[in-house]
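Please put together the full structure from these sequences, using the hints given.
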Amino acid sequence: MSDQIEIGSFPQRSASERFVLLFLLGLSCFIFVARLHTYNEPVEHDITTAAVIANEMRAGRHYYSEVWENKPPAVHIANVIAQDLFGYGRGSIYALNVGLSIITLLGVYVAASSSGMGRTAGLWAAVFWTVISGDLDLQANQPNLEAFMNGPIIWTFALLLRQPRSDNASDKSYIPWSIAIGCVLALASFYKPQCAIYGICFAIALVAYPPELSSKRRKQAVREFLIIATVGAAAWAAFFAYFSVTGRFQILYTTMFVYPRYYSGNVFINLLSSLGRHLYPIQLQVISPLIFLTLVGGIIAWFKGSRRPWVLLIAYAVATQVTIGISGRFYSHYYQLWLPFFAVGASWAMIQLTHVIREQFAAWLPQAFAVIALLFILQSELWVYSMSPQQWSKREYGNVYAASEELANEIKKFLAPNETLYVFGSEPSFYFLTNRRPPVGFFFIQDAAGGPLAGELTTKAINDLERNPPDLVILMNDVIGEKTTGPAPARLGPEHPLRAWVSQHYCPVAINRNAAFSICARPGSALEKRKAYQDLVTELSIYRDVTPDDN
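Numbering follows numbering that gives the first Met the number 0, in which position 160 of the sequence shown is assigned residue number 159; successive positions increment by one, without gaps.
Because the hints were derived from the structure by calculation, they are not lab data. Fair warning: this is a prediction, and the values are worked out from it, not measured in the lab. Glycine residues also receive a C-beta, built at the ideal position from the N, C-alpha and C atoms. There is no bait here: all hints are sound.
Quick list of simulated restraints, FRET-style, between CB atoms:
no., residue 1, residue 2, range
1, Arg276, Asp170, 46 to 52 angstroms
2, Glu65, Pro192, 18 to 24 angstroms
3, Val19, Ile371, 21 to 27 angstroms
4, Ala237, Val206, 23 to 29 angstroms
5, Ser64, Thr537, 38 to 44 angstroms
6, Glu65, Gln533, 32 to 38 angstroms
7, Ser272, Asp170, 45 to 51 angstroms
The following block contains the structure:
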């Protein structure tokens, strides 16, 4: 495929490359400034969980055995690095937010400009990504797990498109390239193991439809993916070996292979349900122009014979749909995985349109389509910046995180520096906002309500609380039920050992429909006699009508 913007002479090529670098730098600055707007947004609980666990790891606590979450450790290690550089607080979250978006921006450009599509496609894809990467309705303005996943996924896709291939049998340049792809894809899987699905789908696409359809190229594609799979398998083998040597193999195995059945249920039913109303939720409608352009571009490419890169893009789409649907939890932020895909697909569509439009219109009409799509998206994306960070949070998640931050700020006013707290609920932001270390090692009630680790986590939590009784317990009333249920909705009934322990040692834990939160000081503590604490106990009825969003 010819590309009209390719430039021959070195001075011109150098100038073009400088323009691209400056353009990408400008888009990076836009992301930097745009994310500043919600720097002080009340933070979602998955994000604060990662931050709190990372801070505990920095303090010497071991992942899985002393602090636990149902994820591989990559997201926490990334938070550890960010906290070492920027400190424990909003600064490190903001740095991750901006850094991850820029890494994905660069990957989107490299992918879109590959396979002969050229810099024009790459720059348009980068623009599309910049505009949609902080979408409010997809909760994309903060670094949820999908922000970590998108970077290595799009870079895997880009590197596959640029994989060097030669008819010379002695040319082994594909080997280091395949090793690099394997490392990037392995990193993605350490954020979420389901990312291995991308590797499987890409492998099927390249083996079934290799470059220049031939048995020789098909054999090379098989060799490439054997190398990629070997790298991934070696990474996970080393991961399990490390945790085995450190005495944590059993809890790792249970977390990775047994717990998901409790959390997700039947994956086949989940995948079937993902093909219904969850296939195209209302949150994705903001990128409807990109979806339309991608579909048009794919159809043109298929009939024009420019199929190979689009076959790989189809594999990307299948993997994304399966990754979103396999857990059966269709949270808004899951759909962020579509954003790099459609940024690339829409930009490729512009190049395909040049082959079906009359020559006198081919130079500008595809660009006009891109501008119209961009303007449509901008009118949906820009107006939200007139809202405050608190309003962003309430639109994304309801009132729960704004109310939690308000309560945390009140608690900080009267809690002495050496006093501690425990959250009986699923809101680790209280630890993050008050800069208090958690006395227990898990952070979501669903993990104590049921599942293969419920007994172990509950016993550890009670032992931790007895060893270091907190001065204050924050009760989230939405997790208090008539009986124990989980994982969704997660409730602890009066018979549950953890609820019984809090009732026995602090205050009766009973269903309270009149307030979202209650607080209990340790009986006989100095805090219990403090007037500011007593005043807050009586005022907590102001936190009404809070509906937590379990995402």
